[in-house]
Amino acid sequence: MSIARFWRETPRRYNLGGSKCSNCGTVYFPPRAVCPECTHHRQSIEKMVPSQLSGDGEVLSYTIVHEAAEGFEMQVPYILALVGTPEGPVLTGQVVDIELPDIRIGLKVHATFRKLREEGKAGVIHYGYKFAPSEELETSLAPRGPSAAARVEDAPARDRASA
Amino acid sequence: MREVAVLGVGQTKFGELWDRSFREIGIEAGLQALVDAKLSSADLNGLFLGNMASGSLIDQEHIGPLILDYAGLGRRHLPAVRVEGGGASGALALHQGYLAVASGLYDYVVVGGAEKLTDVPDATATQITSSTADHEWEVVFGATLPALWALVARRHMHLYGTTREQLARVAVHDHQMGSKNPNAHYRNKLTLDQVLGAGPVAEPLGMLDCAPFSDGAAAVVLGPLETARRHTDTPIRIAASQVACDTMALQHRKEFTTLESTVVAAQQAFQHARRAPRDVTVAEIHDAYTISALVALEDLGFVEKGRAGPVFASGQFAGGGALTVNPSGGLKAQGRPFGAVGVAQVVEVVRQLRGEAKDRQIAGATLGLTHDVGGTGATSVVHLLERSN
Numbered sequence: 001m002s003i004a005r006f007w008r009e010t011p012r013r014y015n016l017g018g019s020k021c022s023n024c025g026t027v028y029f030p031p032r033a034v035c036p037e038c039t040h041h042r043q044s045i046e047k048m049v050p051s052q053l054s055g056d057g058e059v060l061s062y063t064i065v066h067e068a069a070e071g072f073e074m075q076v077p078y079i080l081a082l083v084g085t086p087e088g089p090v091l092t093g094q095v096v097d098i099e100l101p102d103i104r105i106g107l108k109v110h111a112t113f114r115k116l117r118e119e120g121k122a123g124v125i126h127y128g129y130k131f132a133p134s135e136e137l138e139t140s141l142a143p144r145g146p147s148a149a150a151r152v153e154d155a156p157a158r159d160r161a162s163a
Numbered sequence: 001m002r003e004v005a006v007l008g009v010g011q012t013k014f015g016e017l018w019d020r021s022f023r024e025i026g027i028e029a030g031l032q033a034l035v036d037a038k039l040s041s042a043d044l045n046g047l048f049l050g051n052m053a054s055g056s057l058i059d060q061e062h063i064g065p066l067i068l069d070y071a072g073l074g075r076r077h078l079p080a081v082r083v084e085g086g087g088a089s090g091a092l093a094l095h096q097g098y099l100a101v102a103s104g105l106y107d108y109v110v111v112g113g114a115e116k117l118t119d120v121p122d123a124t125a126t127q128i129t130s131s132t133a134d135h136e137w138e139v140v141f142g143a144t145l146p147a148l149w150a151l152v153a154r155r156h157m158h159l160y161g162t163t164r165e166q167l168a169r170v171a172v173h174d175h176q177m178g179s180k181n182p183n184a185h186y187r188n189k190l191t192l193d194q195v196l197g198a199g200p201v202a203e204p205l206g207m208l209d210c211a212p213f214s215d216g217a218a219a220v221v222l223g224p225l226e227t228a229r230r231h232t233d234t235p236i237r238i239a240a241s242q243v244a245c246d247t248m249a250l251q252h253r254k255e256f257t258t259l260e261s262t263v264v265a266a267q268q269a270f271q272h273a274r275r276a277p278r279d280v281t282v283a284e285i286h287d288a289y290t291i292s293a294l295v296a297l298e299d300l301g302f303v304e305k306g307r308a309g310p311v312f313a314s315g316q317f318a319g320g321g322a323l324t325v326n327p328s329g330g331l332k333a334q335g336r337p338f339g340a341v342g343v344a345q346v347v348e349v350v351r352q353l354r355g356e357a358k359d360r361q362i363a364g365a366t367l368g369l370t371h372d373v374g375g376t377g378a379t380s381v382v383h384l385l386e387r388s389n
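From first to last, the protein sequence lines stand for chains A and B.
Heads up: the first sequence begins at 1 in the working numbering, then just goes up one per residue.
Heads up: the second sequence begins at 1 in the working numbering, then just goes up one per residue.
It cannot be assumed that every hint is accurate.
Between beta-carbon pairs, the in silico distance windows are [to be verified]:
1) B:ASP59 to A:LYS121: 19 to 27 angstroms
2) B:GLY321 to A:ILE105: 31 to 39 angstroms
3) A:ARG42 to B:LEU99: 21 to 29 angstroms
4) A:ARG42 to B:TRP18: 48 to 56 angstroms
5) B:GLY320 to A:SER54: 51 to 59 angstroms
6) A:ILE105 to B:PRO121: 43 to 51 angstroms
Covered by chain A, per the in silico footprint, the following chain B stretches (three or more residues, Cβ under 8 angstroms) [as the list claims (entries may be wrong)]:
7) 125-136
8) 139-150
9) 197-203
10) 251-265
11) 337-347
Treat the hints as calculated values from the structure; they're not laboratory data.
Here a beta-carbon is modelled for each residue, glycine too, at the ideal position from N, C-alpha and C.
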């Protein structure tokens, strides 16, 4: 992916900048030019204004991915989830800083800024949002036996991304 | 608008066709269909070719004239149009061919679907096929097509109590059906334990919950129903051809366990044909992932919402009942050459309605349905086909 192609979306991917229809009040992420909710959707043209998401969310569905998307091979197994926000939009993103058995529908999470993927050793590094639990978890604090599932490390936070 | 009939069908074997090129399989299916329709190529008015990603997969765009040329028709200067709608490309091409003949502008057209997925490594194929989801807001965040369908599956399990075993039953069923199909990518039968024990892809979906990457091509010849008897004793009327779209990304749907595009396309198709789901005797439905088939049965109106898991597991769609599902083996066993799938589904249903399906013939097949999906349901295409008396 070209640098510009990723860079032009940074206000959304870094800061959760969405948009709101000033006609009906519905919030969108990513931002939209036209409101799909307005019955006469033409009325919303040029009435969409910027609107910031709080980053709060709740897991609506999740999967543990073993066959990775390109650029995510080093992160398997990773959790991908549909995260519903109090503002309305639903986002697709990873859930990190959690033991695999702790993931469940209904888990409260908060957006966190992380490295998403890199294009090879010398390629572009992509940053954006992932989600971390924002409530107390049971097994995360329990002693880890040999059969305990691997911790979903957010490796990027510890190496190049934090440099 | 005039009535449109399928006059001829053709299909290659599906699978890892390493010794065969894209253009070879494309023309094999097309020429079979022309011969089957007893149609002189002089009467042909055009070609519609469904294909998802030839540019990424075989570095070849502009494949409409390529196939036309190697079918020996390059110097006839016929129009050849490629149609793309992700995994629904084939059925979308059929819809275009249907419109062309129904409008009266064209009399006879070939509709083909072809895809060559095994010329690239599996990881590359995963990336290319995942681009039928929203790259910027799903794939960039770690999604693949199976991962997105796994999100549908987990939500379906959460809301309706669908079980892992009920998902696996779909794969067992498909392989049972595919074992009788000489064109199928996989003809081996599967046990429930094999499906449950296969390596995970995106939980709860495992390797055997996912249709394979296949090479393959399929084609049909369409023409006006009024002159169809000149070509065949068993014209198959296209009773409905409906396309519906939805939001590109799964995350923007109101409900994650329903493909609204399928609901709308099916309702419009039944309304157009003045028929109901209970009239359908054979259906080829989108089962790219085991959960896809369960959701499809609900969205097409065959099963009440949320009930597909237990109803499917009862075995009532395996033949001998009112409705038989995926006699070809579906995408899971017959194979998944993306752009060819929607056309191959119609080839199977036509063979069933003609009574030419040999070992896998369904007794009394009268009305058939095909259901093709792109991505996670941004596009759904539904066709109804019936034997014309």
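Comparing the hints with the structure gives:
no.	hint	in the structure
1	B:ASP59 to A:LYS121: 19 to 27 angstroms	26 angstroms, holds
2	B:GLY321 to A:ILE105: 31 to 39 angstroms	34 angstroms, holds
3	A:ARG42 to B:LEU99: 21 to 29 angstroms	28 angstroms, holds
4	A:ARG42 to B:TRP18: 48 to 56 angstroms	53 angstroms, holds
5	B:GLY320 to A:SER54: 51 to 59 angstroms	56 angstroms, holds
6	A:ILE105 to B:PRO121: 43 to 51 angstroms	34 angstroms, violated
7	125-136	holds (count 4)
8	139-150	holds (count 10)
9	197-203	holds (count 5)
10	251-265	holds (count 3)
11	337-347	violated (count 0)
In this structure, the hints that do not hold are numbers 6 and 11, in rising order.
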